[in-house]
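Since the structure of chain V is provided, determine the placement of chains A, B and X on it from the hints.
Residue numbers (my numbering), protein chains in the order written: chain V, 39 to 366; chain A, 39 to 366; chain B, 39 to 366; chain X, 39 to 366.
Keep in mind the hints are simulated off the structure, nothing from the lab.
Everything numeric in this text was worked out from a predicted model, so none of it was measured.
Heads up, a few of these hints could be off.
Pairs involving identical chains hold if they fit within one copy or between any two copies, as the list cannot separate such chains.
Unchecked claim - Restricting the straight-line Cα-Cα distance to at most 27 Å, the calculated cross-link-like pairs of lysine-lysine (BS3-like) are:
| id | residue 1 | residue 2 |
| --- | --- | --- |
| 1 | Lys270 | Lys308 |
| 2 | Lys324 | Lys79 |
| 3 | Lys204 | Lys270 |
| 4 | Lys270 | Lys213 |
| 5 | Lys204 | Lys324 |
| 6 | Lys308 | Lys213 |
| 7 | Lys270 | Lys79 |
| 8 | Lys213 | Lys324 |
| 9 | Lys308 | Lys79 |
| 10 | Lys204 | Lys308 |
4 protein chains.
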Amino acid sequence: MNSTFGERFRLSVFGESHGDCVGVVIDGLPAGFSIDFDAVKAELARRAPGNSPNATSRRESDNFIVMSGLFNDRTTGAPLMALCRNENTRSHDYEPQFPRPGHADVVAAQKYGGHNDYRGGGHFSGRLTAPIVFVGAIAKQILFERYRIEINAEIASIHGETDAAKFDEIIQAAKARGDSVGGVIECRARNIPVGWGDPIFHGIESDVAAVMFAIPAVKGVEFGDGFGFADKFGSEVSDGIGFDPNGNMVFTANHNGGINGGITNGGELKFRVAIKPTPTISLPQKTVDLRTNEAVTHSFTGRHDPCIVPRAVPVVEAGLAICLMEYL
Amino acid sequence: MNSTFGERFRLSVFGESHGDCVGVVIDGLPAGFSIDFDAVKAELARRAPGNSPNATSRRESDNFIVMSGLFNDRTTGAPLMALCRNENTRSHDYEPQFPRPGHADVVAAQKYGGHNDYRGGGHFSGRLTAPIVFVGAIAKQILFERYRIEINAEIASIHGETDAAKFDEIIQAAKARGDSVGGVIECRARNIPVGWGDPIFHGIESDVAAVMFAIPAVKGVEFGDGFGFADKFGSEVSDGIGFDPNGNMVFTANHNGGINGGITNGGELKFRVAIKPTPTISLPQKTVDLRTNEAVTHSFTGRHDPCIVPRAVPVVEAGLAICLMEYL
Amino acid sequence: MNSTFGERFRLSVFGESHGDCVGVVIDGLPAGFSIDFDAVKAELARRAPGNSPNATSRRESDNFIVMSGLFNDRTTGAPLMALCRNENTRSHDYEPQFPRPGHADVVAAQKYGGHNDYRGGGHFSGRLTAPIVFVGAIAKQILFERYRIEINAEIASIHGETDAAKFDEIIQAAKARGDSVGGVIECRARNIPVGWGDPIFHGIESDVAAVMFAIPAVKGVEFGDGFGFADKFGSEVSDGIGFDPNGNMVFTANHNGGINGGITNGGELKFRVAIKPTPTISLPQKTVDLRTNEAVTHSFTGRHDPCIVPRAVPVVEAGLAICLMEYL
Amino acid sequence: MNSTFGERFRLSVFGESHGDCVGVVIDGLPAGFSIDFDAVKAELARRAPGNSPNATSRRESDNFIVMSGLFNDRTTGAPLMALCRNENTRSHDYEPQFPRPGHADVVAAQKYGGHNDYRGGGHFSGRLTAPIVFVGAIAKQILFERYRIEINAEIASIHGETDAAKFDEIIQAAKARGDSVGGVIECRARNIPVGWGDPIFHGIESDVAAVMFAIPAVKGVEFGDGFGFADKFGSEVSDGIGFDPNGNMVFTANHNGGINGGITNGGELKFRVAIKPTPTISLPQKTVDLRTNEAVTHSFTGRHDPCIVPRAVPVVEAGLAICLMEYL
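Bound conformation, chain V alone (with noise of 0.2 Å):
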């Protein structure tokens, strides 16, 4: 298994949700950088559990210590390593005797012979994600102090309603009845600039949706219009070039989201990711139970997210920023 991403700016993600921590070394942060933490703290209780009646009642206090690469408070140029440890982890909760559809756990106890630790999904779980964060954390204010690079994401559409309103009834009617709903995030950048990324296999959008894919329950990565470009005419989403008042290149609109043959156009850098429901959820589903090795029925009663999709926005917004570090 390979758990590292990056080529100058790598990390190597480590950890179980219900083992000892999880935790990141980074490699090739800048030295004497002075990591602003409670920025940093900020970003985690973003995506931290227990802060909103819509995620799941667990308690996970992601306080990431870190043990190198950090002396007189900035970044020395060695790598960082920090971890957290794991608290209040209920590890019966997961019992391997059903396996849960939609879930790692038949292909990864196939993978690895049965080795894995299946204890909360291990190292298959969202909570790896929140090195994820993280790193994303720390690297979004390198990107803004170097560039004044903002990354935002939001909530486009949960269950199909874009009405921001409407968002936590529709997920606690889910929740009620036992269910899970999807969502769709959108996130935009500004001021990166132009010529990140190369043409053909290393270009940003193949970066980015390498990244968005690596989130779970991330099933569909559009740039622009995305899918919206297969329904259109040429002409209705040409991206007109013209001249800014200083004699600048500029377009005069932003269908491609920002990127031209893999490559950044100076325009707002913008996608949207498709999160699917939760798979754990109340309402029965169909598994097997490995102990008597039949088909069953099962309703999994564990503290589940109804919808991934508000703690998820965050770290759409960290593996933006980890993807961009690569072009400092």
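Just chains A, B and X now, with coordinates in the frame of chain V:
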């Protein structure tokens, strides 16, 4: 610029649209494989223009010559280099006077300081998908021989229409208007073994999406129900688990497109890509005149595909095959 | 900075000499392996100081704690993170007032803008070989279990002397003078299968040499007859080919150290590394006083190894084991 | 097989000794560079055989043709592919009846199941150093333009003799006897900026050694005093620190060859490589007859270099230049 892909099965793509050639070096081919070059030619013919009234009237003769890595008609295990000479290029078609909206003309000139080969898009051209199809054709043969893996892509829709019988008419109508249309391609693969892919950063979805976005004009990728998940309840999209007659665990549905936690689950791999309308159209578009430095409205008069979707179908299949070779 | 190594078997090393800890994340371990931690401790003890009068009087307690990737006493296939808390550090020993000749003090300060952790050499310290030995100890177990590969390094010479009985005396004499000595380590490995390694850039010699030069104080690496080849006739160093009693091709000599064209040939892998004398010595050396900005002559008074060669022996073995894991 | 090298500056080498061609794809060249092809030819001529009585009488015409990545006589930033057609090959010279001791004939046949191109060594041939010299010649020009880096290698010894005036006589004497001799090449580079390289796994020594061992016949690499360190006291090999007249820190000696902790220190980079005697000699060697399956004594009668050292000099320079390009 980095136009390489893969770790164990590596491509290094080179060439320009209107230069001497396009081609590829393949590292990581198994030794002793007898390539069926008729099948390779058939794949290249699917991508080549000029075979249908819907495609560009350019003649690209996609005859690849293998110049290393073959001996006594079999692969040697050494790098296989193949190239295809360019013919019949009319480089004045794409004079740099008017950068084309929706193409990389502007960003490429900025990124490479004006030194990029702009003729026909140079290294950014869709012609670079020819070597990808070449490699994919070989990869498909190896995947079938080793695992009976079958990969098939087809057009799911053109300009929103899903009835294949109407595709030609839609494309011809757009062409007649000097316009272009996009569409969606769906790709399926059978017989992929359980357990390919890693959780988090190196899941199959990340790898496949990265390659798909390497195909010019692809602006969205979704797996299984993809963006459709966003409007569903968890209970509607449950891939239940059961037993087949031989007692093996199987899934009773496939909303996840054959992938759980980034790892193949033995089911049919299923994904869709959104293809934007060809940006180079005869209808007038806003651009700038680089000789006068004035904003203008320009009609591009070259030989262009009114819809690139049909030619992209074999490229999508090739891209998937290349991804899967990593797991041999 | 990039402190990672490997493609399929990947290490990410972190930590500082006088910081909280040193440690490593290992990606690519097979699942289900039961690590013999007593054997790991024994390897770490070989590297640890304080076990012999020839080594530094520093006490480094090399107790690595595994914090991820183990479950029910077996590897899970997920990243294994292990760290070792630092103890008994006397960071005032190495105050930055006088940069140490032969160390990275000057270049590290320049490269990282003065932000590097200079205490005890920080991330540049020889203490970072502890996680390498930790990983190597596990790798050796796996290589033995799978292929019966045995790796053994030993001291070939200390300060030119090849009689092992005199090593202690030579080292103690140097120590008494406030000086230090170097030496040569020879490493051999048996039972490596034929065919590991690639020609040209990814031969076994390239991989092994890259890891050996990662060990502080290593300044030369040679395979088989190595530099001795330079003085020989081709006819003197011919590794003739013959048949063993079972009719398998074998070599009648092994001047090439078990490698031809970068690829293992089934013979004993054999290489030697040159270790320089410890640069931190009590005898006066030319350096600069960073407080007064004056050139001075300074005696470094910390606890230093008069000869690092004995402690480097297990590191050399570990380095080879790590290289070979790439070919599992 | 993987014949690629580098991360940011990447080579992908292809071809066979007696096949159609040898060549290389270069990714990561800066755009807008005007290559001096006369200088490239001069470098290739240094490596080519047939220019001196000491080299093989084979005629290899090293005319590389650039087929991509150049436009208007400048690099475009896109991959540059160049190849050199093979001429005047007498493939019956190296019939596979008698595998050559000291070459990869046996291991290549075993590793690739007999499918490797054995003619003239195929992809294992020293002819594959021609594309390396081609790339190195370009790299040297860029390094000089950007940093005034100068790279010079020379023969330090032939068969133990360091007096250059005697090299020819030694080589001719060996040739007359049907034998061969080895030697040592020393390489120095000036004006490398301080701070290139990383500690531990990605030090300059690791990178340079990895490339040097990619050169056929190289069996040892040492930096600075190298193996000479092993016999010295620390006090003898101290690279003292002082100030130059401008107040910059400088080193008062250079036993470490311009590298500390894997990182360039601004001093002259200095290393030496050991080259083994050409293994293909006319004097009889033990080998096997693959037609009769009998152990035999055989005299190899082809046109062989009695000493490959002179032709390896430009390859060593090229290898260093390629390494350094990674740090542009």
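We went through each hint and held it up to the structure:
| no. | hint | result |
| --- | --- | --- |
| 1 | Lys270 with Lys308 | both (18 Å within a copy, 24 Å between copies) |
| 2 | Lys324 with Lys79 | neither (39 Å within a copy, 46 Å between copies) |
| 3 | Lys204 with Lys270 | between (30 Å within a copy, 16 Å between copies) |
| 4 | Lys270 with Lys213 | between (37 Å within a copy, 14 Å between copies) |
| 5 | Lys204 with Lys324 | neither (31 Å within a copy, 40 Å between copies) |
| 6 | Lys308 with Lys213 | neither (31 Å within a copy, 30 Å between copies) |
| 7 | Lys270 with Lys79 | neither (43 Å within a copy, 33 Å between copies) |
| 8 | Lys213 with Lys324 | within (19 Å within a copy, 50 Å between copies) |
| 9 | Lys308 with Lys79 | within (26 Å within a copy, 38 Å between copies) |
| 10 | Lys204 with Lys308 | within (24 Å within a copy, 33 Å between copies) |
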